[in-house]
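Engineer: For chain Y, the structure is supplied; the task is to place chain V on it using the hints.
Each chain, written out:
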Amino acid sequence: MTTTAVQEEVAARRSQGAMHTIRRGLSLSPELRNGLPGTIAIALVATAGRVIVPVVIQQIIDGGFNGERVDMTFVVQMTGIALVAVLVTAGFTGWMHLRLAKVSETALSGLRIRAFRHIHDLSMLHQASEQRGVLVSRVTSDVDQISRFMQWGGLMLLTNGGQAFLALVVMLILSVHLGLVVVVLVPFIALMIKWFQSKLEIAYLTVREKVGRMLALLAETVVGAPVIRAYGVEDRTRVQLEEAIEAHRSSAVRAGGLSAAFSGAAEASSAVVVAAVVVVGTILAVNGTTTVGTVVAFLFLVQLFVQPVQMLGEAVNEAQTAVAGWRRVLDILDIAPDVADPGPDGVELPHQPIGARFDRVVFRYPRPGQSAAQALAEPALHETSVSIEPEQSVAVVGETGSGKTTFAKLLTRLMDPTEGSVSIAGTDVRDVRFASLRDRVVMVPQEGALFRGTIADNVRMGRPGATEPELLATFDRLGLRDWLDELAEGLDTQVGERGSALSVGERQLVTLVRASIADPDLLVLDEATSAVDPATEVRISRTLNELTSGRTVVTIAHRISTAEKSDRILVFDHGRIVQDGTHSELVAEGGIYGRLFDSWRRGTT
Amino acid sequence: MSVPEPLDSPVSAEKMGQGFNLIRRQLKRAPKEFLIGGIGTVLYAVMTILSSYVLGWITDDILLPAIDEGEVAVGSLAAAAGAVLGVSLFLGMGITLRRLGAYYAQFRLQYRDRVEVTDRYLELPVEWHRKHSTGQLLANANEDVEAASFIAAPLPMAFGVVLMLVITAVLLVLTDPFLALIGFMVGPALLAANYIYQRRMRSVAAKAQRIRAEVADIAHESFDAALVVKTLGREDAEVGRFGERSDALRDRMVEVGRLRAAFDPVIEALPSIAVLAVLAVGALQVDQGILTPGDLVTFAYLFRLVALPMRVFGWLLGELPRAVVGLDRVENVLAERGEVEYGLAFPQNNGGASTTASGVGYMYPDTAHHDLSSGGAAVVNSPDSDRRGVDEITLNVQAGKTVALVGPTGSGKSTIAHLLVRLFDPDRGVVSLDGHGLVDIERGALAGSVSIVFQETFLFNESVYDNITLGEPFSPEEVFAAARLARAHDFILELDNEYSSVVGERGASLSGGQRQRIALARALVRKPRLLVLDDATSAIDPAVEGEILAGLAQLDTTVVIVAYRRSSIVMADEVIYVEEGRVVDRGTHEQLYRAVSGYRSLIDAYGQLEEPA
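Sequence order for the protein chains is Y and V. Using numbering that gives the first Met the number 0, the first residue of the first sequence is number 0, and each one after it goes up by one. Using numbering that gives the first Met the number 0, the first residue of the second sequence is number 0, and each one after it goes up by one.
Here chain Y stands alone, though its shape is the one from the complex:
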């Protein structure tokens, strides 16, 4: 295929895609499917108000004016009828706005919530940290774009389209000949608009790019102020900034100039139509083919017809953005949750010390859109079989990308294996009810993930309905009561957005208390790597000791000291378990673990 053929193919698929997206979207939002046709009908009645006045002018000039005399009864009758029509259509305009807002916003809020729920239902695969910002925009800006289109661009498309259509119909009814003059000239105007639109699109793209560059430099100047001062590079920064600010100014002025020229040209071009109507209309009127009133009415109608055409490009642009946003939201909804809850038929795990088993487990990360079973990539985990005894504490060690995190995610059923099976307490995890699994198996992530609210709120997530004495008892048991009491509000201390009011170490403490009150039988810990002040660090390690005793524990370890304390160490490398044993066994064995231990020992002595 040639390049142009490919481009055409893409364009064709895209336009087909728009209709397809809209159909899919409507089928998912019954409020829209049921509500929109009525709203469109109301909108058409509402726009009729705009063509009434020219018709009345035609009627009055042709029917009311007889030479020097004016038939006032006729004039009053006509204006009276028109007044009623204007008021009625105004009522319809109001009705249209209200209905549109209700129908579309209700549907969009529903879509937003559904997408939010769905994203939570997807396995961890689709929630990789680098995609989080993207996922947030699926339930915010993408939906907002659809809303903006519905309320502004789409509405404009609808009312202006209706206006142009009605104006054209009225013109053709009043005079077919004169109407054809207008119809012939409009394509030329449309061509000019298209030319400007494509230029404007590029110009505004450039502006956005320059704004991005300027904001990035601005942020560096503010955030990097200490470095800029300490290294005395103010002048260099100033020059870079001024260049970026000037680049933004000149690109914005260019886009603005183009847009200004466009409005001027649009004005002048509609004058060509008016002039043509005057010339042809006068000739037709002299011939008796048309009336004076019709020619005058045309002068008004041409405006009503040309204006919407000018705005068309803008609305179409907005429509494309909205459809693209809609498609992205629908695409997310289309991903089937690959980790499915067996529901009420599932097995209930017993509340007792439990072991876990990997039976020839293979895992490949799928590409976006593929399910784990379809993945073809190099396995993140090669055929792995391992068995963990109840109440054993296991440290998982390895470099980034060695497969240790994949191992933990499979163990907690945040993902399902491509091949083989993972079982807990002798049951394949795929057969365990979610509620029971989440009850018995708890994972504590690396960075303490807290939610806005109080410490009590956050801890209670571990066991909803826990009473205050129960919460305090847990703090007591973990030896954290003194820390809690030092806080100004104790349990009622607000942790701030994502726990920002607490230090990193304190956030970890709260998540450990949360895990403790959940009282799981299998605890999966992702050890934190960030530096914490020594006092808190001592508290964390005490709390961990208390929390882990009597449970099966799997720790993704980043410190040799943690590994050393465990009953058993699994060393991962390139997706395989390459060493398995106690600390002293592995040190004696050498290998990867031996090397890690050596470099750590050299660093601390």
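Among the clues, some could well be false.
To be verified - Calculated from the model, a selection of chain V residues having no Cβ within reach of chain Y, i.e. all distances over 12 angstroms: (1) N20; (2) D175; (3) F177; (4) A188; (5) A191; (6) R199; (7) G388; (8) G586; (9) Q590; (10) Y592; (11) V595.
As the list claims (entries may be wrong) - Per the computed footprint, the stretches of chain Y lying under chain V, defined by three or more beta-carbons under 8 angstroms from a beta-carbon of chain V, are: (12) 136-149; (13) 191-199; (14) 217-228; (15) 282-296.
As the list claims (entries may be wrong) - In the EDC-like style, the derived pairs of lysine to aspartate or glutamate whose C-alpha atoms are separated by at most 20 angstroms in a straight line are: (16) K101/Y <-> D263/V; (17) K130/V <-> D118/V; (18) K206/V <-> D246/V; (19) K101/Y <-> E243/V; (20) K209/Y <-> E142/V; (21) K31/V <-> E245/Y; (22) K526/V <-> E578/V; (23) K101/Y <-> D246/V; (24) K206/V <-> E243/V; (25) K101/Y <-> E254/V; (26) K27/V <-> E115/V; (27) K209/Y <-> E145/V; (28) K101/Y <-> D250/V; (29) K209/Y <-> E115/V; (30) K564/Y <-> D597/Y; (31) K209/Y <-> D250/V; (32) K400/V <-> D555/V.
Just so you know, the hints here were simulated from the structure itself, not pulled from any lab data. Everything numeric in this text was worked out from a predicted model, so none of it was measured. Where is the CB? At the ideal position from N, CA and C, for every residue including glycine.
Structural biologist: Just chain V, lined up with the frame of chain Y:
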């Protein structure tokens, strides 16, 4: 930074005054641009009115005579077409010039304010930066500047519409008092409707915007903690929380729809009603021979043309409060003085430098963040326990020595480190380098002798190479040597484009340890005579850190290191132990470990983390 005063409050006399001041200031700052817009808008106003007269003239003098006479001269037809085209050509020019001037003015104003504001940022002391949140400073240079300039967009058009209304009023009065009466009734009503509509819309839209931000916050928080949500089975609770805000947003948006439902029909119907009135009243006047049919056409057309642009007043008045608030903050930044002052001394430039502090006291202004607006209250920020003042700090570091600053979190170690490089000046006492008080040293000279590497690494979104040189003309050999010393050279060679690799925003494409090593190379390439490391190796593997520190010991540079690891503390020639902002004791590690109980327990706590249990 949210704006403290509600933007939807009615415009008081004082605010109107501020609004006029703002307009005056902006007109003065972009006079040429506004002049272009002014010429354009006059042309636009006059030609708009003329265009309706052309239609009246065509009706009376071409169309009706042609019908009466049953024939039409080619000359009259050409005149009619010429008149329509001519007027439209000038009208088009007017519109283009008007908008061009508005854009030129708007972006010229933005450019000037932005350059001036960022210039202040670069000149004002680091202390001033600390008093204001990052978000606030960014918003000031971006949104506030934009808001203050945005007034330029509707200004020329508003002027043109005023002109158009005045001319129309005069013409109406001169032509026919009854038509004038219609105009004087409908015009003000339309103005009032536009104004009230804009004001109420702004208030509702601002509320919707706030809820929209809350919806995004919840989504962020929830997806960030997806692991916890999933492992604790919190999906339903999260959906409930999100759904509640999403529905609140829906309710606001329906309210927007309700407002449009109330005002749009009025604003749309009023001009039509006026035209109908003109037709009825005008027809009577034609009957009595006072008006011609052409006059009727002229005024029917004129009423339509003038009604639509009146929306610009709603726009202008709606924009004004936001612009006033924005400009207030911009001007407060521009008015900030207290730049860093420099002397004329120039420290000798070879070998390690000696540094001393005598009786130095420093208190952070306060932990509250200040609002940039006039009379804005300080906003209490989250507690900043790591940052505390120091008092009566007296210390001296001999040339070429390595000294470790040790102390519990929040003891003032970093503050001392920052004072040594003059990130800010002490309230009391003197810090000096080679016997020169830091305040007496020439601008730029200190940075040539002293380098600091911060706890939080800051990389610019440039190449690795530029991040090390920061634009100074170091030779590649010097850069490589510094990178080797910082143990960065090897991993840099493994990057896609080696030293030309762009590191991404804040160095996002690199690990924490890699970022710290590049920051270290940035300091080392300058061959500083005093190197201050403010916990600059926290993310670097202890083994690598040891190699780096051993490499530094070979240089004759004086090193002051804020240290957290026992392994790095023991490498120092001397340790200065700090507690609660004061120097408690100094000596070798062994001496302090024996003599100072606080030091001993701290080192033991560090040791517990590092050593096998």
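Engineer: Find the nearest Cβ of chain Y to the Cβ of V595/V and say whether that gap is larger than 12 angstroms.
Structural biologist: holds (16 angstroms)
Engineer: When you look at the beta carbon of F177/V, is every beta carbon of chain Y farther off than 12 angstroms?
Structural biologist: Holds: least Cβ distance 14 angstroms, greater than 12 angstroms.
Engineer: Checking one constraint from the list: CA of K101/Y to CA of E243/V, max 20 angstroms. Satisfied?
Structural biologist: holds (17 angstroms)
Engineer: Between K209/Y and E115/V, is the straight-line Cα distance small enough, at 20 angstroms or below?
Structural biologist: holds (19 angstroms)
Engineer: May I ask you to check that A188/V keeps its beta-carbon over 12 angstroms from the closest beta-carbon of chain Y?
Structural biologist: holds (14 angstroms)
Engineer: What's the verdict on K101/Y and D250/V, does the C-alpha distance respect the 20 angstroms limit or exceed it?
Structural biologist: Holds, at roughly 9 angstroms.
Engineer: Between K101/Y and D246/V, does the CA-CA distance stay at or below 20 angstroms?
Structural biologist: Roughly 12 angstroms separates the two Cα atoms, so the pair holds.
Engineer: Verify the proposed pairing of K209/Y with E145/V, using a straight-line Cα cut of 20 angstroms.
Structural biologist: holds (15 angstroms)
Engineer: Minimum Cβ separation between R199/V and chain Y greater than 12 angstroms?
Structural biologist: It holds; R199/V is separated from chain Y by about 14 angstroms at its closest Cβ, greater than 12 angstroms.
Engineer: For K101/Y and D263/V, compute the direct alpha-carbon distance and say whether it is at most 20 angstroms.
Structural biologist: Holds. K101/Y to D263/V sits at ~17 angstroms (cutoff 20 angstroms).
Engineer: Run the distance test for K130/V versus D118/V: straight-line Cα separation, threshold 20 angstroms.
Structural biologist: holds (17 angstroms)
Engineer: Holds or violated: is the Cβ of G388/V farther than 12 angstroms from all Cβ atoms of chain Y?
Structural biologist: Holds, because the least Cβ-Cβ distance between G388/V and chain Y comes to about 17 angstroms, which exceeds 12 angstroms.
Of the numbered hints listed earlier, those contradicted by the structure are 13, 22 and 31.
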